[in-house]
Amino acid sequence: MASRVLAQCVRSYTQRSARIIFGNITTRAAAVSVANQRHFCFNAGSQRKALTAQIKVSSPLVQLCRQYGDLPPLTVDTIRERVLYVLKLYDKINPEKLTGASHFMKDLGLDSLDQVEIIMAMEDEFGFEIPDAEAEKLMTPQEIVQYIANKKDVYE
Amino acid sequence: MASSAAAAAARLSGAATGRVVKPIFSRDLDEAKRRVRELYRAWYREVPNAVSVFQLDITVKQGRDKVREQFQKNRLVMDPRVIDMLVIKGKMELEETINVWKQRTHVLRYFHETETPTPRDFLSKFYTGHDP
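Same order as they appear, the protein sequences are chains H and G. Residue 147 in the working numbering sits at position 147 of the first sequence; the count goes up by one each step and never skips. Residue 128 in the working numbering sits at position 128 of the second sequence; the count goes up by one each step and never skips.
Just so you know, these hints were derived from the structure itself, not from any lab. We put the CB at the ideal spot given by N, CA and C, even for glycine. There's no promise every hint is true.
[As the list claims (entries may be wrong)] A few chain G residues that face chain H, going by a derived Cβ cut-off under 10 Å, partial list only:
id, residue
1, Val36
2, Tyr40
3, Arg45
4, Phe71
5, Lys102
6, Tyr110
[To be verified] Derived pair list, reagent style DMTMM-like, types lysine to aspartate or glutamate, alpha-carbon separation capped at 25 Å:
id, chain 1, residue 1, chain 2, residue 2
7, H, Lys137, G, Glu113
8, H, Lys152, H, Glu117
9, H, Lys88, H, Asp132
10, G, Lys89, H, Glu136
11, G, Lys33, H, Asp77
Please model the entire structure based on the sequences and the hints provided.
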């Protein structure tokens, strides 16, 4: 009895959410409407049974009403592009001499403090902390790409 | 037990350098350099905030260059204890800057005063006056 009532409520919710998708109302409003619907379910049981045949067709929409927000997935190529872009923006690096394997200290003539600044720029770009013990070993852009790919589990 | 083992190791390494001293924080140069890098990171991140809080007339780039200059002043120091002491002093300055215990004048003491150019031609010298 209770399960039948709940099943009717779910079907009425999907019917309402099919309209909500086009209206862009938040799920809290939908939950409020479900709470209001619930006491109607007891009264209109027989009427609902006629509607359930139509509503069952629209039940695949249950999966569509969940939407989550996330960043686009990282690939090794996008990581490398972003790393090289940030390095080209850095004013102490000559963009023509920059390649994937150019060593910061030996090829590009940077300081250890410059390398710290570069690692901080990478932290700001990718949004996660790089501890200093591991950061002092990253001396080429390729190593940085490798490290970020390892940390973010990108096609190891 | 661990401290006596460390003391024995320090004595052995100290025999090569000629002197054994009790470390302040870091036991060797690498650890001291790591502390320096952490301090540099903290200062680097603090500069834009300090420029806005104290309403300084410098750009963020100038502030960061000044931080770099202060760090480069001590770049030839090799003794880990001295480096630790300098890091401690830098941390104290950073704490005072972050918590706004300083004031604008204290922060600007790192910078040289803006020099007004001395007059070169006759008319500028006339306008500024001269003490004979």
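Hint check:
1. Val36: 9 Å, holds
2. Tyr40: Since chain H brings a Cβ to about 6 Å from G/Tyr40, closer than 10 Å, the hint holds.
3. Arg45: 7 Å, holds
4. Phe71: OK, holds: G/Phe71 within 10 Å of chain H, min 6 Å.
5. Lys102: It is violated, given that the least Cβ distance between G/Lys102 and chain H is near 23 Å, above 10 Å.
6. Tyr110: 17 Å, violated
7. H/Lys137 <-> G/Glu113: The given pair, whose Cα atoms are some 40 Å apart, is violated under the 25 Å limit.
8. H/Lys152 <-> H/Glu117: Answer holds: H/Lys152 to H/Glu117 is near 21 Å, not above 25 Å.
9. H/Lys88 <-> H/Asp132: 23 Å, holds
10. G/Lys89 <-> H/Glu136: 23 Å, holds
11. G/Lys33 <-> H/Asp77: 33 Å, violated
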